[in-house]
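There are 2 protein chains.
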Amino acid sequence: MSEISYLTFSSERLVEFSQRTFEYFGVPSQDARLAAEVLARSDLRGIESHGVARLHTYFDMLQLGRINPKPEIKIIRESPSTATVDGDNGLGLVVGPRANEIAMNKASQVGTGWVSVCNTNHYGIAGYYVLEALKRDLIGWAMTNSTKLVAPLWGGERMLGTNPIAIAFPGKKEPPIVIDLATSACAYGKVEMAKRKEQPVPAGWIIDQAGHVSENPLDMINGGALLPLGSFREMGGHKGYCLAAMVDILCCVLSGANWGPFAPPFALRQEIPSRSVGRGIGHFFGAMSIEAFIDLDEFKTQIDEWIAVFRGTKPQPGSPGVIVPGDPEREAEAIRSKDGIPLVLPVVEELRDISRQTGIPFE
Amino acid sequence: MSEISYLTFSSERLVEFSQRTFEYFGVPSQDARLAAEVLARSDLRGIESHGVARLHTYFDMLQLGRINPKPEIKIIRESPSTATVDGDNGLGLVVGPRANEIAMNKASQVGTGWVSVCNTNHYGIAGYYVLEALKRDLIGWAMTNSTKLVAPLWGGERMLGTNPIAIAFPGKKEPPIVIDLATSACAYGKVEMAKRKEQPVPAGWIIDQAGHVSENPLDMINGGALLPLGSFREMGGHKGYCLAAMVDILCCVLSGANWGPFAPPFALRQEIPSRSVGRGIGHFFGAMSIEAFIDLDEFKTQIDEWIAVFRGTKPQPGSPGVIVPGDPEREAEAIRSKDGIPLVLPVVEELRDISRQTGIPFE
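Going line by line, the protein sequences match chains A and B. Just so you know, we're using our numbering here: the first sequence kicks off at 23 and counts up by one. Just so you know, we're using our numbering here: the second sequence kicks off at 23 and counts up by one.
Next up, chain A with everything else stripped away, as it sits in the complex (with noise of 0.2 Å):
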């Protein structure tokens, strides 16, 4: 078993690094700086995979011209309550953003606001958004697919991606409710953690390549697959499976985004799909006016109390006891905000790079 070593960067940091990296291939500077702030907010709540880390990544797609640093964001459908969003193949870390202001906007105007986006890359953590939607005093909701992964129950092999829900509410002097999970039983990044470590993973995390249940990492990692959240039919596998499906329809089939196995690769090394049936990858946004249902300090008094029954729930026998969701997050958030973002040292190294390659100075 190996030690691993970290170095610790500032937030502000970091953010600076990631938008002169997205500015480097053009992308206009308020784009880069919300592009990458996007990314710090996902080290910032201690989501490491899904934040600087993946900066090598975004760096590789624009460097190939597989992402558009220049994208018209159109909105190509639309009614009251909902839009259809083309993101002509911008950075997700973008298109994202704008569009899950038009759900919110419209929100405010006619209730809720519903945004489905095709033609878009990957946009980060689902919880951005959502967290985005309580500065409005709105309930937000994100999803979006994902390169393949995941097998569906009783199949054996990658169908689907980690398909994250994520979806918040606003609690009066609590801190907010917020949900982000992937529909896998576990994420990928902690079976590449295992494999790092060399340690075997729990019987229903992971597939290997003929489809048989396996615990060690390298099956799942050299073409094996995730198991949906539930792993197993008895345990409710085929829960998850329906959870990623809903995802990726609401994301893709209604947008005109490749669904399924289809999604476009995000990384240099992950295998080009067979075919094409859409653009992009897909999100799928939902904004709620709390206003629209009920008197918006009620319904904030009532998660304030709601918090307060379930941290006052009976605790499990060995267990740290009931959390309420987001908990975790946000102490991530509070640490991580005073003592920085502490990142392993391959990420370093791949930030090393981008500063050789493009001479924008990292340390």
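No wet-lab data here; the hints were simulated from the structure.
No copy is singled out in the list; a pair is fine if it fits within one copy or between any two copies.
Below are the DMTMM-like pairs computed for lysine to aspartate or glutamate, each with C-alpha atoms no more than 20 Å apart in a straight line:
| no. | residue 1 | residue 2 |
| --- | --- | --- |
| 1 | Lys217 | Glu256 |
| 2 | Lys336 | Asp241 |
| 3 | Lys195 | Asp159 |
| 4 | Lys336 | Glu293 |
| 5 | Lys219 | Glu256 |
| 6 | Lys96 | Asp317 |
| 7 | Lys336 | Asp349 |
| 8 | Lys336 | Asp230 |
| 9 | Lys157 | Glu313 |
| 10 | Lys96 | Glu313 |
| 11 | Lys212 | Glu256 |
| 12 | Lys157 | Glu123 |
| 13 | Lys92 | Glu59 |
Using the hints provided, position chain B relative to the given structure of chain A.
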């Protein structure tokens, strides 16, 4: 291990008996018919736990005056794309379809409709409502809370209902994709069935009264709890808890109903909550016009393709291979429409008891 015996009845016969039972308590004929049809749809689709197996409970609740047979269902707040409905403590089987219709009408008008409902009671299967939306080529959503049965992750007691999520998407030549899942690891009915068969349940389904993981179904029934989808932290149990919380808040906090552990009991043997934080239980319905996002024909054609591609997934060795959400229920419906509904003897006895008490002929 004891054998289980069945008697078989036509769906029409059960609809008629249920309708007359509701009418016996003064439920208007049209409402009684609707309620009976919602129940029957559950039996037809093979979800016996939510069909006439519950008629005696509705009977008890009506007899005790705990359900209002003639509710005045009211919209208490409204925006172009939303409504909050007060069900006036009516049958959920009547309030649910009415509220769902409001959502569908709004979808036809402004692209989507979203309705949160308070002061209602159990509404049958969530799947019923999304099938109604399919009749109008809408994407339907349905959720409900219910009496507490499920522990949050790391909790040692019942705090949430099995809080289902349903959503459906229409195909063109293919039958629709119909998702209807409880956010618990397993259904309560499966624990009861294991008890009846004197069999253990898998580790991860339940905890006992002290909060310890158990494989003895009696431990759950006698004051323990179901576990959320994912079961344990390592397997994603926090995700099942998050989804149940989402349903709880959308159905109850947003409408002013009783959330979490305060959902009023449905059956006589269930404990009365320590306090009330709203009115009745809550539902949440959504309806989305597909045409508001994309050409209906294009959507349906892609759904057919989605279904074909997923059916073609390389199967996991030793499994039946990948199926499409809604397949099992549709197959059950095809068989049961023809051959009738098999009811276990205890359920038949309950219907006979209603017949004895009301004079409505049953057999």
